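One letter stands for each residue in the lines below.
Number of protein chains: 2
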Amino acid sequence: MKEFSVTVLGSSAAVATDDRNLTSHLINHCNSLFLIDCGEGTQFRLRELRVRTNRIKNIFISHLHGDHFFGLIGLLSTMHLMRRTEEIKVYGPPLLEDIIRLQLKASETSLSYSLIFIETQSEGEEVIYDDGRLTVSSIPLKHRIPTTGFIFREKLQPRHINKEAVDRFGVPIIFYSSLTKGMDFIADDGEIIPNGVLTNPPDIPRTYAFISDTVYNEDIVDSIMGCDLLYHESTFSHDLQHAAHDKMHSTNVQAATIAKLAGAKRLMLGHFSARYDDLSAMLSEAKKTFNETIVAEEGVAIYI
Amino acid sequence: MKEFSVTVLGSSAAVATDDRNLTSHLINHCNSLFLIDCGEGTQFRLRELRVRTNRIKNIFISHLHGDHFFGLIGLLSTMHLMRRTEEIKVYGPPLLEDIIRLQLKASETSLSYSLIFIETQSEGEEVIYDDGRLTVSSIPLKHRIPTTGFIFREKLQPRHINKEAVDRFGVPIIFYSSLTKGMDFIADDGEIIPNGVLTNPPDIPRTYAFISDTVYNEDIVDSIMGCDLLYHESTFSHDLQHAAHDKMHSTNVQAATIAKLAGAKRLMLGHFSARYDDLSAMLSEAKKTFNETIVAEEGVAIYI
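Listed in order, the protein sequences are those of chains P and R.
If you read the first sequence in my numbering, its first letter stands for residue 4, the second for the next number, and so on.
If you read the second sequence in my numbering, its first letter stands for residue 4, the second for the next number, and so on.
No lab work stands behind these hints: they were computed from the structure.
Take these hints with a grain of salt, some might be off.
No distinction is drawn between identical chains; accordingly, a pair holds when it is met within one copy or between any pair of copies.
Stated by the list, open to error - Mimicking DSSO-like on lysine-lysine, the simulated pairs with C-alpha atoms at most 27 Å apart in a straight line are:
(1) Lys108 x Lys145
(2) Lys250 x Lys184
(3) Lys158 x Lys60
(4) Lys108 x Lys250
(5) Lys250 x Lys166
(6) Lys60 x Lys291
(7) Lys60 x Lys92
(8) Lys158 x Lys184
(9) Lys92 x Lys268
(10) Lys92 x Lys108
(11) Lys108 x Lys268
(12) Lys166 x Lys291
(13) Lys5 x Lys60
(14) Lys166 x Lys108
As the structure is a prediction and not an experimental result, all values here were calculated from the model.
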């Protein structure tokens, strides 16, 4: 199975701590790298992990609170200083382009690469990226300012040719393409060889859902139904559910409840308030609602 | 003597390295803290050094290349999140306020404190800060975009009362203030007690000059004449003097030459290109021109 992994670069809420950096997730899908959010210092995390930033071609920004995007201008500038030539696409709220362009103007920088902004909207789910193997959708979240989550969904791929079977039935190579699309094969003598004999099923498409800052919101459940890995913010533990509601954030138990309602296979908690040094209570409380829960550990790839 | 120190928080040129962070200097003058430049990650350096950022009331930005200011919005935002109430003044090029305000607008942030911008200009030297004990002047540098250096000059303070002498001559306390200003004392019998008998000279005012990104430029020498500590950028060693000139940066030997011409007491080199791992050759070459040279060491206070 092709790689599909998430490496959390920062797991803190708005104020970073000695142990936790500001939000950013690095996604590897079949060796294409994607970045979700880009808090201050993200470029340093990428350097520490020896990620070649040239491989990142798409960056998704959930909203314009600083802990989710203040590192973007620095990353884009460093890519320029490193003489990047590959185009880069940035998906985010409307004002993001103004903010980046104003800073490039102030430094009289004409980028070495093409920088394209795609505006997200927070009215409904929308496919904003599609490379034939993977789509990325934005979905509206409920936070203090316009915010979206992002859902990375593998597309159903063609069926796999069963090499032993096609050889046995003498299927010419020219028919392989239609076999992978599910067609049966009709031999010269008129015999119909069913597709299921000649091919194996495609890999089951996998889904990663990134649920950025949001108040508890069951409206998202349909969109993330059955996802393989759900990242859901968990700024507070459940004793502070009223504070979470006031600040339009979620608790660990709320995140676990969403995971349960959505039938997610796994849940990863993150965006922890600086008040929590030790996250073990945060985790164990969430596991009571949804057992397959982990806490984000920075710099460690989670395979989906 | 009252504290007057500089702690370098970042000593790298535009691209940070594993060992060097982006430009920022923390100045402590008589327990007032000042920040000069604020590259990405500066707030994390301040946290590592356990600096209470509430004590920083004035921030000076030399120019709008990202390695000198991309950390400002993050620092200002964190101060807000920490519920700062003390006013803060930021001195920098005109577009800086637009950049910061646009980002505050995007996050719908109404700061918990008053944020005041003072525009610097790069036409001539100008006193932009004066608290009675210290002035800060901006001076124009020659770089690719408008850039200023900053000169921190202690003001001449009143003379010190010689307690033993005033007691011996029976000088009433009411005259102390005029004594500290240099007046003689006339005793009841008409005898003139010279000021020099009753007071000791004030501390010799100290000067710190921060020479940010600049091509070699002797025009600055008059402004920094006799300074106690000169920080001068030294992006390249001298074999790359042509590259330095093309990029409007300086070499180690050029920095040392400016220090020598200005009769500086000490020179601190910084803003090192990422190509230099080991700085010992950079240093020893500069010392041939100006022996009292050091290289910036991050996190270490240099006393002036």
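Right, here's what the structure says about each hint:
{"no.": "1", "hint": "Lys108 x Lys145", "verdict": "between (33 Å within a copy, 19 Å between copies)"}
{"no.": "2", "hint": "Lys250 x Lys184", "verdict": "neither (49 Å within a copy, 57 Å between copies)"}
{"no.": "3", "hint": "Lys158 x Lys60", "verdict": "within (19 Å within a copy, 54 Å between copies)"}
{"no.": "4", "hint": "Lys108 x Lys250", "verdict": "between (34 Å within a copy, 18 Å between copies)"}
{"no.": "5", "hint": "Lys250 x Lys166", "verdict": "neither (57 Å within a copy, 60 Å between copies)"}
{"no.": "6", "hint": "Lys60 x Lys291", "verdict": "neither (39 Å within a copy, 47 Å between copies)"}
{"no.": "7", "hint": "Lys60 x Lys92", "verdict": "within (6 Å within a copy, 38 Å between copies)"}
{"no.": "8", "hint": "Lys158 x Lys184", "verdict": "within (14 Å within a copy, 83 Å between copies)"}
{"no.": "9", "hint": "Lys92 x Lys268", "verdict": "neither (30 Å within a copy, 51 Å between copies)"}
{"no.": "10", "hint": "Lys92 x Lys108", "verdict": "both (19 Å within a copy, 23 Å between copies)"}
{"no.": "11", "hint": "Lys108 x Lys268", "verdict": "neither (46 Å within a copy, 39 Å between copies)"}
{"no.": "12", "hint": "Lys166 x Lys291", "verdict": "neither (47 Å within a copy, 74 Å between copies)"}
{"no.": "13", "hint": "Lys5 x Lys60", "verdict": "within (19 Å within a copy, 53 Å between copies)"}
{"no.": "14", "hint": "Lys166 x Lys108", "verdict": "neither (57 Å within a copy, 60 Å between copies)"}
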